[in-house]
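Asks: Chain by chain, the residues:
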Amino acid sequence: MSVKVYVPCDAAAVSVGADAVAKAIAAEIAARRLNVTLVRNGSRGMFWLEPLVEVETPQGRIAYAPVSVDSVAGLFDAGFLEGKPHALRLGLTEEIPFLKRQERLTFARCGITDPLSLSDYVSHGGYRGLERALKLMPETIVEEVTNSGLRGRGGAGFPTGIKWRTVLNTPADQKYIVCNADEGDSGTYADRMIMEGDPFVLIEGMTIAGIAVDATSGYIYIRSEYPHAFRTLRRAIATAYEKGYLGENVAGSGKRFDLDVRMGAGAYICGEETSLLESLEGKRGQIRFKPPLPAISGLFGKPTVINNVISLATVPIILDKGSEYYKNFGMGKSRGTLTIQLAGNIKHGGLVEKAFGLSLRDAIYEFGGGTASGRPLRAVQVGGPLGAYFPESLLDTPLDYEAFAERKGMLGHGGIVVFDDTVDLAHQARFAMEFCAVESCGKCTPCRLGSTRGVEVIDKIVADQDRAQNLELLDDLCGVLTDGSLCALGGLIPYPVQSAIRHFPEDFYKPAPPTPGNGSSKGSRKALGEAEETRPWH
Amino acid sequence: MGNPKAWDADRALTRIKELASQPGALLPILHTLQDEFGYIDKAAIPLIASELNLSHAEVHGVISFYHDFRHSPRGKHVLKMCRAEACQSMGCESMIRHVEKRFGVHLGETTEDRSFTVDAVYCLGNCALSPAVMLDGKLYGRVSREVADFLIDSAQRHA
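Chains as they are written, first to last, in my numbering: chain H, 6 to 543; chain E, 2 to 160.
Misleading hints may appear alongside valid ones.
[Stated by the list, open to error] List time: in silico DSS-like cross-link candidates among lysine-lysine, alpha-carbon distance up to 27 Å:
hint, chain 1, residue 1, chain 2, residue 2
1, E, K18, H, K307
2, H, K338, H, K326
3, H, K288, H, K9
4, E, K18, H, K448
5, E, K139, H, K28
6, H, K352, E, K18
7, E, K18, H, K288
8, H, K288, E, K102
9, E, K18, E, K6
10, H, K9, H, K140
11, H, K338, H, K413
12, E, K43, E, K18
13, E, K6, E, K139
No wet-lab data here; the hints were simulated from the structure.
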């Protein structure tokens, strides 16, 4: 039997040299005439260790990391194929504390299998959820998902089962399943990881959703910033069709489910579900009024289940192991696991799948090892660009939807961006408004214009022009944005702004700097001036 | 990224017709034309509008809405630099300023010799390895000023 060596094909691993390492390993295998199989797996999610190379041994998979091209020959010389000692040897992968302390349900296979091997997928428990779903009545499938307590992992936390029930109970000649893979929030990459590391689990989850609500067609809408994941999905979907898991006779059941993947075009707002639907229909990604809910009138006016990648990718394990199993993880109304993404200025950045309830502090220090710079932590932004900035004193907040809401924050997708003491929160608040101005779809006036006014007001505050009045004005503006916006972009952009003022007031009361602003700001997605020229609604 | 072909109306129309029958065909058509020609020629608007039974204004409205679509060719190499929060926390702004200075252009602009376009992007999903950039469709992590220089030098050598 040949030895198996694993080198991740995940885009993040590749971004620090995994392809070059794989090439160097293949060259050594050829030069030394060895009987070794090189597998390109997904990432285990320990990004600070990438490229993380694993060797299969009778004791289990042994990790060597981080491997550079220069260290490859030495690894062969040291006998790494037998798991022998080397300076980069980390022991059994599963025993690495970062991984060992996790509860991987949705990511059970990610990093272990070859993402594009359907036989790997099936031999690691794949398609067992679908198998069970095909034996159940649609109502029972929806009930399982409802009972599991699964809530939308895209950020809003709306109960998934309720969306499904509405679609199931709405009669129509055509229904759709849409996967929101427009993972645009900074600090989040769980969707990308699962699409690149275990794409069949998403395909299976969408197929189960289709069977549950009687939808025969599905779309994955993925952002154009993820070309690597797009290619992986394309290939996985083609394989699923070839092997009879998609198409007119899903797994021999006689039921139809077609799936296609569509690429976005660089608009953050298309992560909002109604904008996404407009975009899928070939229109400008402007948000829609609700009601009607997409579950009643969604894609092409038909009842549509629209869920985030992680929500849909969690469905197979719920169906496979039962809702009780899944529900037993978590706390309060947040059931199951959260895919925490440690990002930014963090020593051990990576994916931590863990039952809800872990404290922010433990996530950052126990798993993340503190800041990457080694400087003191000053602020943490949880939940993407629309999430609040928390100071050190709020780090004991448990990772739970309600606990964050109580502290005027948002758990969102579970992305945690850490900043050290060099951060300027007035600059971050200004950036939030600037980002909102660049990415606003233009439908609501408070968001379209208020964001630009917000940048100006913050500039005045920083420059110490009528500071007290302008702080009051900013507060008032934030109130208008909160109350007067249709969607979460305008509605939540006050979160980062007001939390910055609330928790870090000293950054807004500094002596005026010699030149206002934050350096150059011209460019297609940067300059507000230019955006005004090219965007007719300004 | 492949070398884009020169604008060719017949070729464009063939591409449009291939895709026009699928539901919500406009974005796939625009992506295909841009991949093929490097940009969306304004002459494509009436062709698309007629095939999809849309007004010129509707097609124009979609092209101008999305950051990705453009009416003019970009440089030979495209460097997208992330300036979202996670990358900011690791000092992307100073790396970006360094690159702007090196090329003498601002984000969103192309160098005079048309060799490089530098662009801002908001999140490449590589937030545990910040700062991140994408050069000609390939993702890079932990991009310091030195790494950025190395990537640019390598791209120029293989020009």
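Asks: Under the constraints set out in the numbered hints, which ones does this structure not fulfil?
Replies: The structure conflicts with hints 3, 4, 6, 8 and 10, although it agrees with all the remaining ones.
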